[in-house]
Amino acid sequence: MRAFYASLLISAASLAALNQVPALAQTEGSTPPFTLAISVNLHNPSQDEPGDKTVDVRSGVSVRIRKTNITDQEIPKPGPENGPFGCLFDIRDGGGNPTPPRKRSSGSLVGGGGPAPILGTKDTVLQPGESISYFAPVSEWYDLSKPGIYTIQVSQHVSSDPNSAVVKSNKVTVTVTP
Amino acid sequence: MSFSPYLSTLYPASLGACANPSLPAGPYMIYAQGAVGTACPGGLTGATAVGITFGAPTGYQNATGGTFLPVQLISSDVVNGSSHTAGLDTNIPYAGGKLPSNDNPSVPLSAASNPLTRTFNANMFLMWQSNQAGSILVPLGYQTWGFNATATCGSNCGTAGSWTVSASQAGPIGSFTASSPSQPSPLGNNVLVDGIPTWNGVAH
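Chains as they are written, first to last, in the numbering used here: chain V, 73 to 250; chain H, 16 to 219.
Excised from the complex, chain H in its bound form:
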């Protein structure tokens, strides 16, 4: 499974408001270039370059016709020292199960949070589900990825163009790790049971 292309930094962008979950319109720091749309989950209507790409699975046999599915866990997410709850990213499977896919996390920017530093880590699991009734999702492997970036604003912080962003790290961390029952746990802040990812709820 490929995780490229990916961006080596984050960018400021002006996004529309989200009614629920309630998110403001205005400047955001986002792991995408040229992003447009709203700040809602799944609210981006486009980007000139996406943050990280999740490629279609390769190198696996699937003679029985099962389904490959992406499942992503947010391992840690710290914004200006405030930790957010780890867990499942949105739902199972990620992005409706479509591969290739991508991810472009964003956070609102304001004068009150200037400068803003976000350290984000996720684990994207490639899962497989047999066509047999009652079968469970089986992990094939995972890729850790994330970023550490800071946005700063001198003045007029209500517009995206007033912000500059620098990243000390962005993209895959290490290489794709094949799943195994003896895998060490926890993985970040998420627990693996016999190599199978578990979570207590949706990350937020």
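For reference, chain V alone in the conformation it holds in the complex:
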């Protein structure tokens, strides 16, 4: 199994060096069962758009998150975190400071909703090699209204155990212009 992971890491690193795909996820702890790759999506919503981006402040910033099962067995599809799409978002300004949540008016409290896998079916798992993509309108949740440079990274624990390993995505840089 480790040899399998190693070959995947080498292949992904080679592709990343060619700037064809986002870098493979970094993992703190044991060998990862999945990767997380993100890109700022500007043009074609059905494709990854790797690389740093410049975005007009009025356009908003959206990130495509792709989770890929790199094991030879099924893994849970949903992430365990208490953030959108089961992910934790780390968004920092040019000074490395965490970007605060976007302020909301009182009374705007509705839940997230969105799609749900049907329990007891294969819908809840990712098959070996399978990917799932999410689109996150991060400027709806974080205050990116100030022009400048921001870095975005998402992460997930590999299980609901808070002591389990953490898979981190590549980082993307967004320049928000006035």
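There could be a bad hint or two in this list.
Label pairs and their calculated CB-CB ranges [as the list claims (entries may be wrong)]: (1) V:Gly167 to H:Ala34: 19 to 27 Å; (2) H:Gly149 to V:Val129: 23 to 31 Å; (3) H:Ser170 to V:Asp120: 46 to 54 Å; (4) V:Gly167 to H:Thr179: 36 to 44 Å; (5) V:Val129 to H:Ser37: 19 to 27 Å; (6) V:Asp120 to H:Asn77: 15 to 23 Å; (7) H:Ser97 to V:Pro172: 19 to 27 Å; (8) V:Gly167 to H:Thr100: 29 to 37 Å; (9) V:Thr249 to H:Gly216: 14 to 22 Å; (10) H:Ser197 to V:Ala237: 53 to 61 Å; (11) H:Pro130 to V:Thr223: 41 to 49 Å.
Source of the hints: derived by calculation from the structure; they are not laboratory data.
We treat Cβ as the ideally placed atom computed from N, Cα and C, and that holds for glycine.
Given the coordinates of chain V, assemble chain H onto it according to the supplied hints.
Below, chain H alone, put in the same frame as chain V:
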């Protein structure tokens, strides 16, 4: 495009907190049965039955290899008389573009908002994008759907089991409407330009 199965009512469920957007842990009224997970956007980890199903597109030719994509607009969303902003549901495409998919809107319940009535309407558009560079998304048609439901609690309102939910309507409204340049606008609170859906921002 099929919109079944769908549920004819909403249910109470206990959902986990969401860090950002900030949403509490506790009871929710949700258009799903047996829902588990968090209240975050895309935070549901499962349900025994989903609110409404968005089926894979059928009846279209796609010889040139374009892509079918779902795009959903929230047309109106009123919770206890308070209107929320209409607009795009989360992002383009809906749910990462995967079809079939589903939707399960939820709203937190508390003693302070008891009873809670939510009237929700959305328009799910089936769009198509050519493989040609620079092409735009073209609407093929849309389905209006929504619900009107009330949750009430007698006591111990901090637990989902204390709430009862009744719905006067839930599911598709009318039939799937093929898009055309002469389509009347607005559609709910969203503007169609030559049949193409437009929005000013993400609904919230």
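Hints, one by one, checked against the model:
no.: 1; hint: V:Gly167 to H:Ala34: 19 to 27 Å; verdict: holds, 22 Å
no.: 2; hint: H:Gly149 to V:Val129: 23 to 31 Å; verdict: holds, 25 Å
no.: 3; hint: H:Ser170 to V:Asp120: 46 to 54 Å; verdict: holds, 51 Å
no.: 4; hint: V:Gly167 to H:Thr179: 36 to 44 Å; verdict: violated, 51 Å
no.: 5; hint: V:Val129 to H:Ser37: 19 to 27 Å; verdict: holds, 23 Å
no.: 6; hint: V:Asp120 to H:Asn77: 15 to 23 Å; verdict: holds, 22 Å
no.: 7; hint: H:Ser97 to V:Pro172: 19 to 27 Å; verdict: holds, 25 Å
no.: 8; hint: V:Gly167 to H:Thr100: 29 to 37 Å; verdict: holds, 32 Å
no.: 9; hint: V:Thr249 to H:Gly216: 14 to 22 Å; verdict: holds, 18 Å
no.: 10; hint: H:Ser197 to V:Ala237: 53 to 61 Å; verdict: holds, 56 Å
no.: 11; hint: H:Pro130 to V:Thr223: 41 to 49 Å; verdict: holds, 45 Å
Of the numbered hints listed earlier, the single one contradicted by the structure is hint 4.
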